[in-house]
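Trainee: Protein chains in written order, with UniProt numbering: chain A, 1 to 257; chain B, 1 to 382.
For the record, the hints were derived by calculation from the structure and aren't laboratory data. Mixed in with the good hints there might be a few duds.
[What the hints assert, rightly or not] Subject to a maximum C-alpha distance of 27 angstroms in a straight line, what follows is the list of computed DSS-like cross-link-like pairs (lysine-lysine): (1) B/Lys237 to B/Lys176; (2) A/Lys108 to A/Lys195; (3) B/Lys4 to A/Lys197; (4) B/Lys370 to A/Lys193; (5) A/Lys79 to B/Lys13.
None of the values given here were measured: they were computed from a predicted structure.
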Amino acid sequence: MNIFVLVKRTFDTEEKIVVTGGAIQEDGAEFIINPYDEYAIEEAIQVRDAQGGEVTVVTLGGEDAEKQLRTALAMGADKAVLINTEDDLDELDQFSAAYILAEYLKDKEADLILGGNVAIDGGSGQVGPRVAELLGINYVTTITKLEIDGKTVKIVRDVEGDSEVLEAELPLLVTAQQGLNEPRYPSLPGIMKAKKKPLEELELDDLDIDEDDVKAKTTTVEIYLPAQKVAGRVLEGDLSDQVKELVSLLHSEAKVV
Amino acid sequence: MDFKLPEDIEFLKQSIRDFVDNEVDPLAMEIEEKDEIPEKIMNMSMEMGLFGLSIPEEYGGVGIGMVGKCAIYEELGRTHNGYTTVIGAHTGIGSVGIVEMGNSEQKKKYLPPMARGEMIGAFALTEPSAGSHATNLKTTAVRKGDKYILNGSKHYITNAPIADIFTVMAVTDPSKGAKGITSFIVEKDFPGFTVGKKEKKMGLHGSHSAEIFFEDCEVPVENVLGQEGQGYVNALKILANGRAGLAARNLGSCDKLLEMSIQHANTRIQFGKPIFEQQIIQHYLADMALDIEALRSMTYRVAWMVDQEMKVIKEAAMVKLLGSEVYNRVADKAVQIHGGIGYIAEYPVERFYRDARITKIYEGTSEIQKNIIAAQLKHEYL
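So here's chain A without its partners, still in its complex pose (with noise of 0.2 angstroms):
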């Protein structure tokens, strides 16, 4: 079996974020494997190991993101990917790195690509399904349940805390939803291994892109940070009074009644 996984480096979700200029700061901030995307690698080490193959893991942006695909090698994949977009473009979104990402799969006969269900950066949740339409294959998002007979692949997907069984055909893309499985460490022999496992750096030229051909189609108008929570009101006086203001609170400041 011929798997991908597409994984993208995002903030450790522990991070404070700082806005400057309005732009999120970087500087010193910890990144991490987008924790979406460690089911997705989870999933696919597992489906190899019971299934043969081979697991490659697939990530666009700059040098930095060498770390997250080390990682992803130690947790077990056999091989890694760089898409180097650095030089070539200042922005990506949606667009640009869906229409990258199936360039680099069109001929790798791939019989299953993996996901996270979104980045928690972006949160868009965008890039796995425009890779499959790029591709002309199948896709199902937010899966929390993958078994594999054959071609066919039983699935179960989370629909709004709500759970949806269904059945599709290799070839096939997958986005994986929390609860799929509980990604491994990355062990310490596994870490030694990894140092030796090929990590493979490309760039647009590989490709055969024109850089105008992935310009970002969207813009970033403004960034900035939600408003301050304020401390709540109490209301004081006689309770039918209060009862009374809370009414007309809820009617005229909050616009809830």
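Put chain B on the given structure of chain A with help from the hints.
Mentor: Frame of chain A, contents of chain B only:
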């Protein structure tokens, strides 16, 4: 001169940090109360490859040097010391003998299952009459055909209740003193070998020590570790090798105590302000940080020396001594900064304080380390 850890060692360290913080530390109170390591933690530790820390890659271990081992021990030291001791006694004195002195048959037979954690190792030198006076062993080994017959007993043997193999020192020639001691690899199922009941200890809960007994215990000749008569030298080498590792474990515990003390000092309000604002508390914290920094520098320098295959008898004794003395000083100050809550068993500071005490005693007391240092000084200067 480069004081930075190599990138791959940082990677190993981070992985163990995540594992310890997310999986082990939340169960520290349970380990303390039940006096056992949950099976889940033992199994996960095996999957992480922790049991193969000292074992070369070709035998299924991690295959890293002393600097790498110390980096990992430092992370393990940040959590429950009983857990750390189960791992440390196996990866340190429990397996180093076979790694360093074993022949290739012994390595092939024992190291792969030890690396997987399916076979747990222990080190058996101490006897009721041979503590610091380690050459005063009463356990004897008499050769009879292709076997040695062992008789005697040993006590305070860490990991004995869970261990599968023991590196045992016994007297083969009483007329030769220290040179009449031989080391053996003894399997728990060898006829005539038994393990006594667990000893109740002040700390290190979850890590168990026990007496072991040899009654006409039959050990095949091929299980002699190294040469006959080399046992005492072997024991000293095994102990010396472990000393930087012990210091690294203490370093991790100290670091955790400092972290907790700073956080407590910053949130505990007395006299209308955080106690951190009191100069005396600042001085306590500064003293702790100073001690820790000195210990860190020395630990990694000795580890580096081990990796360069330099002679480290004096330095290993120094770092073992500094590590345990610093740990006790830091734990004492941490309890003082925490005040009443530092004495309450529901809070980890009290546990670290009790666990610190043994480090001045086991694997060579602080006093013995000073003897070793002085003996080396005499050798160097006179």
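Trainee: Look at each hint and say if it fits the structure.
Mentor: Consistency of the hints with the structure:
| no. | hint | verdict |
| --- | --- | --- |
| 1 | B/Lys237 to B/Lys176 | 19 angstroms, holds |
| 2 | A/Lys108 to A/Lys195 | 24 angstroms, holds |
| 3 | B/Lys4 to A/Lys197 | 24 angstroms, holds |
| 4 | B/Lys370 to A/Lys193 | 41 angstroms, violated |
| 5 | A/Lys79 to B/Lys13 | 23 angstroms, holds |
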